[in-house]
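Going line by line, the protein sequences match chains Z and A.
Here this note's numbering is used: the first residue of the first sequence is 1, the next is one more, and so on.
Here this note's numbering is used: the first residue of the second sequence is 1, the next is one more, and so on.
Where hints are given, some of them may not hold.
Taking CB as the label site, the calculated pair distances span [to be verified]:
no.	chain 1	residue 1	chain 2	residue 2	range
1	Z	His76	A	Ser18	47 to 55 Å
2	A	Lys14	Z	Gln42	35 to 43 Å
3	A	Ser18	Z	Lys69	27 to 35 Å
4	Z	Thr52	A	Glu30	42 to 50 Å
5	A	Ser18	Z	Leu51	20 to 28 Å
6	Z	Arg81	A	Ser110	26 to 34 Å
7	A	Gln108	Z	Asp67	37 to 45 Å
FYI, nobody ran anything at the bench for these hints, they're computed from the structure.
C-beta atoms are modelled at their ideal positions from N, C-alpha and C, and glycine is treated no differently.
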Amino acid sequence: DAKTTQPNSMESNEEEPVHLPCNHSTISGTDYIHWYRQLPSQGPEYVIHGLTSNVNNRMASLAIAEDRKSSTLILHRATLRDAAVYYCILRPTTSGTYKYIFGTGTRLKVLA
Amino acid sequence: NAGVTQTPKFQVLKTGQSMTLQCAQDMNHEYMSWYRQDPGMGLRLIHYSVGAGITDQGEVPNGYNVSRSTTEDFPLRLLSAAPSQTSVYFCASRTPGNEKLFFGSGTQLSVL
Numbered sequence: 001d002a003k004t005t006q007p008n009s010m011e012s013n014e015e016e017p018v019h020l021p022c023n024h025s026t027i028s029g030t031d032y033i034h035w036y037r038q039l040p041s042q043g044p045e046y047v048i049h050g051l052t053s054n055v056n057n058r059m060a061s062l063a064i065a066e067d068r069k070s071s072t073l074i075l076h077r078a079t080l081r082d083a084a085v086y087y088c089i090l091r092p093t094t095s096g097t098y099k100y101i102f103g104t105g106t107r108l109k110v111l112a
Numbered sequence: 001n002a003g004v005t006q007t008p009k010f011q012v013l014k015t016g017q018s019m020t021l022q023c024a025q026d027m028n029h030e031y032m033s034w035y036r037q038d039p040g041m042g043l044r045l046i047h048y049s050v051g052a053g054i055t056d057q058g059e060v061p062n063g064y065n066v067s068r069s070t071t072e073d074f075p076l077r078l079l080s081a082a083p084s085q086t087s088v089y090f091c092a093s094r095t096p097g098n099e100k101l102f103f104g105s106g107t108q109l110s111v112l
């Protein structure tokens, strides 16, 4: 299974943009890139996903490198409620594989 | 619409005891999975199922059994609990054609 690499922790000031990086150099052509976040004492929640093109939704934007070996989750204006652990994972789509493999994630701290 | 429901929320076991962690979803999701999360760590996949009667192993399946007799339920069984199984357990589900994974709120298990 392809692996992802993320920084252990990052800090951001409130109301500023946050760019969370993820390296996935062994990604295959059919792997989806997913981002989830986990607030304290809660289960993970879906943030965004993409395959090749950049994606936007109400929570965040996902920028995918042209070679797909890295991606960046962008929170446009961080709030205190965005403090969480953010996981970048690859979801393979080859037949018979349905494994969402999580890494250790990036702990985002938002400073007031 | 309750989503993914896990019971119990908390459980304390003695070494060697058996128990079943329950997971139910009311979204008619075919894919269901179990993860464990140790303190300060990411999530590790235990078992998953792509439909009733079909299960497969994840990253850390030893010590756990699963079965899938209905679309709605995916119980996780610990036949002989060990202290190494002390963890928070999360159940997740999704439907084909939708990449979004839905998580339950977790079961915190302590094995003494």
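Results for each hint:
In this structure the supplied range 47 to 55 Å holds for Z/His76 paired with A/Ser18, their Cβ-Cβ distance being about 49 Å. A hinted range of 35 to 43 Å is violated for the C-beta pair A/Lys14 and Z/Gln42, which are about 28 Å apart. Range check, A/Ser18 to Z/Lys69: about 45 Å between beta-carbon atoms, so the 27 to 35 Å window is missed. Separation of Z/Thr52 from A/Glu30 is about 26 Å and departs from the stated range, judged on CB atoms against 42 to 50 Å.
The supplied range of 20 to 28 Å is broken by A/Ser18 and Z/Leu51, whose beta-carbon atoms lie about 42 Å from each other. The supplied range of 26 to 34 Å is met by Z/Arg81 and A/Ser110, whose beta-carbon atoms lie about 29 Å from each other. Hint check: A/Gln108 to Z/Asp67, Cβ distance near 41 Å, so the stated range 37 to 45 Å holds.
Hints 2, 3, 4, 5 from the earlier list are contradicted by this structure; the remaining hints agree with it.
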